[in-house]
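J.: Throw the hints in and build the complete structure from the sequences for me.
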Amino acid sequence: MAVKGLQRRKTVQEIVVERKLLTEEQLKQANADVAKTGKSFQQAVIDGGAIGKAHLLKALSEEWQVKAVDLVQMDVDAEVAKTVPEAVSRRHVAIPFAKEENVLFVAMADPRDFFVAEDIQLRTGLQVQPYLALPHDILAALDLAYGRGEGEALNRLMTDVAKNEASAVPDAGGLEIQKDDAKTDITDIDASAPEVEKFVNAIILGALSIKASDIHIEPFEDPAGKNSKILLRYRVDGRLLPGPFTVPWGYRNAIAAKIKIMTNSMNITERRIPQSGRIQILAQGNPIEFRVEMVPTVYGESCVMRILDRKSVQVDIMKMGFMEDTLDKFLNLLKGIGGKKNFGLIVVCGPTGSGKSTTLYAALNHVNRPDIKILTAENPVEYNLDGIGQVPVNPDLKLGGDKKFDFATALRSFLRLDPDVIMVGEIRDEETAHIAMEAAMTGHLVFSTIHTNDAASTISRLTDMGLPSFMVATTIKAILAQRLSRRLCPACRVPHDPTPEEIKIFEENGVALPKGSKIHGPPPAGGCDQCKNLGYKGRVGMHELLVMTDTLRAFCLKDVAADPVRKMAMKEGMRLISQDGLEKVKMGLTTCREVLGGTE
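Its first residue numbered 201, the sequence shown is counted upward by one per residue in our numbering.
The reader is advised that the hints may include incorrect statements.
Unchecked claim - Computed cross-link-like contacts, SDA-like style, restricted to lysine to any residue with a CA-CA straight-line distance of at most 25 Å:
hint : residue 1 : residue 2
1    : Lys398    : Ile461
2    : Lys771    : Glu707
3    : Lys411    : Asp270
4    : Lys398    : Ser240
5    : Lys529    : Asn568
6    : Lys604    : Arg628
7    : Lys535    : Asn584
8    : Lys429    : Ser409
9    : Lys258    : Thr211
10   : Lys767    : Leu533
11   : Lys604    : Met466
12   : Lys210    : Ala278
13   : Lys398    : Asn467
14   : Lys519    : Asn653
15   : Lys411    : Ser428
16   : Lys267    : Arg219
17   : Lys718    : Asn733
18   : Lys398    : Leu431
19   : Lys398    : Gln243
20   : Lys603    : Leu667
21   : Lys771    : Leu533
22   : Lys758    : Phe543
23   : Lys398    : Ile410
24   : Lys771    : Leu796
The set of hints was computed from the structure by calculation and includes no laboratory data.
T.: As structure tokens, then:
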């Protein structure tokens, strides 16, 4: 049962010195750092800026003739990692990260160690394929895999910087920088310094590990100079949560500059005006894009990074959380595209962050096939869909005279390109609305979004833009209003008898709750490992689908006020968003509090 091991070769120090990757002074500093902090030699040379991680992994990989992996760039499967007991993995500084048939791929701090590979093989009964990884990264991956949460893993990444901030940060002004001296204003830290790169990488890693949708990095200065801080927050399932570590105040400009450099488009010397850019990275082969917005504040530049993960976006209309009857109605609207019968305008409405774009992507994906031509106008294009022509509009781009490349301009050009289906990202003005209506009346199925609170008010909103009521009533096929509420964690949700207040909520919204029914809520203790102790995991959609029936169309020709239209639509079978949400409370998917918070 022997596992083929790697014979003992030179030490890491010998390898880097022999390859002239370190000077004698750098070697001396690294050894001093190891003695002082107890960190590994590999981590010491990386933290000290002597060698980059990629170069070190490459050198060791070549010397030891074993493949290397960067665990920070991977999403390690927790179930695979748990193939080996945690205590064993920590003792060996090794973590299984993938499995194929009877082969277990194991990242090891020392892949030459025959006994580690043999021990893992004996415990698992699987053939072990060793890979090289840095000890620090292995321990951080183990933290995440065994459910201590992203905070502990990231704090492990940040510990060395926090301990050595005063010595690691260059002092351009000749001042003695004290770690606890909050008045020390270190504003000229090099954005390429390893500490800065570590902070930015850890911020991004933290967001990806908890599936955040946005990263917020905001500086706040205390006039007394004692509590100045960079506030790091992540938006998860629609809620802003505090970041797992504190970013030192002196790094504010360097971190902003580093993020600008990563976009390859933003001006790192300009701190007086708002700037926009994009960053693209690969995480375990999965392309992830960050849409970066940076604005100047009185305390420094405030940054928000929207995470666009194509792999995570749900583009299957069957999995969007529709109630069965609502889904049947919506799918019926999408039948017969390409023929002469299916044309008109379908509008998705709701506030920012309610999932409108995702629903449109799912609808387009559902109708996408080789015999259908689909064109979209978006600002910006958030996710790429195969087989669909997606056009990024840019209102700042002048086309000559007063013309600009906006939604209306894109729509006009689309009508000359023989499409079957058109999607325009948002109806913002009369011109865009009018052209969208014209496209819908001339044999095209048109999708768009609009910022209104519910389906009924969308009709009056369009007429307020200047469109005649007959055009609105005869062109619209349907209006879908939606919201998102947090989904209860299926692993730890607990049933309970509805309280009098909850029973009243059901009664006031006209939703029947059978006597003796139980509903669910988060556990009193706050959750479990799977939901990061939040009690919620993911989000569920709440929908309100207004289908323009002949009866409703005739009514809208006479009255487009929201309240009368809403009442008539309900007579025609429309379920309100609040009612849809309460049905999902009965199903154990969410809570009354979440429904009210998302619909009021």
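J.: Okay, which hints does this one fail, numbers in order?
T.: 12 and 15
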